[in-house]
Amino acid sequence: MTTIFDSTTTVKDELSKQKYIASDEIATIVYLAQKLGKPLLAEGPAGVGKTELAKAIASATGRELIRLQCYEGLDESKALYEWEYSKQLLYTQLLRDKLNDTLGKAETLAEAADKLAKEEDVFFSNRFLLQRPLLKAILSEKPTVLLIDEIDRADAEFEAFLLEILSDFQVSVPELGTLTAIHKPFVILTSNNTRELSEALKRRCLYLFIDYPNLQEELAVVRLKVPDLNPKLAQQAVEFVQKLRKADMRKSPSISETLDWANALVALNASNLDKDVLEDTLSVLLKHEADLQKAKRQLNAPPPQQPKQRPPDDYGKFSGN
Amino acid sequence: MESRILQLIAALRASGVRVSLAESAEAFSAVDLMGIQDRESFRLSLRATLIKDVKDLSTFEKLFPLFFGSGQPPEMGGNPMDDLTPEEIQMLAEALSQFAEKLRQRMERLMNGEQLSRSELEALGQLVGLNQADNLNYQKWMAERMKRAMAFPEVQKAMKELMEQLAQMGMSRERVEQMRQLIQQNMQGMQEQMEQFAGERIAENLSEKPRGENIDNLMNRPFQALSDSDKQLLQREVQKLAAALRTRIALRQKRAKSGQMDAKATIRASLKYNGVPMEIKHKNRTHKPKIVVICDVSTSMHFCSELMLSFLFALQGQVRKTHAFAFIDHLESISEDFSGTNADEAIQSVLWRMPSGHYNTDLGWALNNFNDEYMDTLNSGTTLIIVGDGRNNYNDPRIDIFSRMSCRATRTIWLNPEPPPMWNGDSDMAKYAPLCSAVLKVGNLRELANAVDDLMTG
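Those protein sequences? They're chains A and B, same order as listed.
Residue numbering for the first sequence follows numbering that gives the first Met the number 0, starting at 0 and increasing by one per position.
Residue numbering for the second sequence follows numbering that gives the first Met the number 0, starting at 0 and increasing by one per position.
Source of the hints: derived by calculation from the structure; they are not laboratory data.
Idealized CB from N, CA, C, for every residue including glycine.
Please note that the accuracy of each hint is not assured.
[Said to hold, decoys possible] Coverage of chain B stretches by chain A, computed from C-beta distances (three or more under 8 Å per stretch; other residues unrestricted):
(1) 4-14
(2) 20-26
(3) 48-57
Generate the whole structure from the sequences, applying the supplied hints.
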């Protein structure tokens, strides 16, 4: 069963059924991307739910999610397709007799070569084609959601290679010709913004910037995903996380870390966000030693006091400078 | 509506946002789809299609309301005369008559509580030179000038006097206070109107501004003759250069890829075929481009260090294995500064950390630092690029270290803003030059581009 979003509100409703709280912005742009049949480029800091968005869209629309994780050195044989070489070899071995039969009747070498050429297609057919995520998304019988995760980790050449797929939803395999998508996949690219993406790639996408949520939004997410946490504690926890984000940290805690922390608080059966609980669980939230130390220092620091009044200085006139 | 969207796009382009034809077409189909009734979704559909970079989001948010205003004219207080008793009006007229003719007219204009008309605004704009302004940063300033053209400060002072006088003449305190508030509100309203008008007009000017005509000229202009705004313009070109450099490097290394036979892997693969080596495996030399750059940021290089640093920044974004160093009197690694995504910030942080002084350049000592701490960054496959004029203040050039460095690196390339005839005085360039694979003169961006070209094809 596949659902199609027919308005921004449906997007919002369907996504919230998948436990994903979409802001107006996200809903509008997802709706646009689907209507215009354009890939969606989601950018933002790590852990704000970019990948989660793709998953939610996939399950909301009832489509299969095909995921391609990018990394440095990713090339087309790992992203698109590969010929299954050993299988081809095995087949030639096993079919040797059959080949002998076919070719044996040939009188001249040229004729044998011609005959072989006619059979060539057998060895370069879909049978021996190892489908990688991109090809799978394109050849799929059913509509799919294609998630190209962390595109900024891949090399610039790979971006260029994606262009054909993103604009025309087709790929060229030299031996087979051009394969066009049966159903246009819903493509979502995510990027952590560690490097500039090329203009050409950006031009083909709709752009969505997801930032850290504000207090209310984050609280709503926590309440939805960790319903066991008592509301008062949830409020305190989210307020604390928001405060941490404002402080200058090497890595600010993301939503996913807030959720982990919330789960930890539930597991520890914490009833109040006191100092001991914080000290025990802070490492779930902050992953750098320096950040941890900093946060702990802030916790331990006494509340700012009025600067002490200097006692009247009787010896003022002697102290000179 | 359509022409308004086009104007917005033109203004975006003039403010340095890259919007392609395809994207503007996309924006129209998105608007078609979402309609224009809901301002918020209209804004989002334009934003999602036109803006593809976080850095440009703020420009869009600034420009959008100027073209598609909130539609609400600013609120005016209204005419305080409306509910005055005849004798109070009499009092007011009397009090007013004491002010000079011109000032009085202006005060009366404020009292009648009407918004500025289009023609009044136009006239004011004309007066302060709004038609030449094409930078949104001037919006506040222009509005301020318009306020001054309307003699706001004087009027404000006069108003205060007027109020005092009215009070003296026996008008009740509440009445005076009421009037004062109304006038205050009127002024506030007019001020908002002026700001809005200034913004709109600047945005329109932006959208009419011819764009990109002088990039070519700028490319050929020597680094010394570039103004700050020119440098801003060239930043993007520099980025393109770095991308080209990277592609070239990658190509060269792709070609070098089919390397030696890998005996171990071949034997392993042959097990599948009963020990017959059916598949010959090759060593897959994953040659990743490696670059070590050392950049002079001293006083003598000051005119071009910003552009050179932005070149380094772009390079680091393109080639992952880049080690960047800067020196004046000693060497510092600046790769850490370049780890962010904002070029300007990175460059400022480097220049702030390493302020240039007088005659303190010491390349020899910098090379010594490099020798002590970073020599292991150079190995086979590394391209060493040095950016600087080789002016060493008669310090020891440490040719010994430099020759060791150039031996370790596969290629050593020196980019120098000065041509060979100028290598005199305290320049040690003549001594370094023979040790380099190439010394290229880069006096302007075009030459930098050509150098990149030479470097990679040669």
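Results for each hint:
no.: 1; hint: 4-14; verdict: violated (count 0)
no.: 2; hint: 20-26; verdict: holds (count 3)
no.: 3; hint: 48-57; verdict: holds (count 6)
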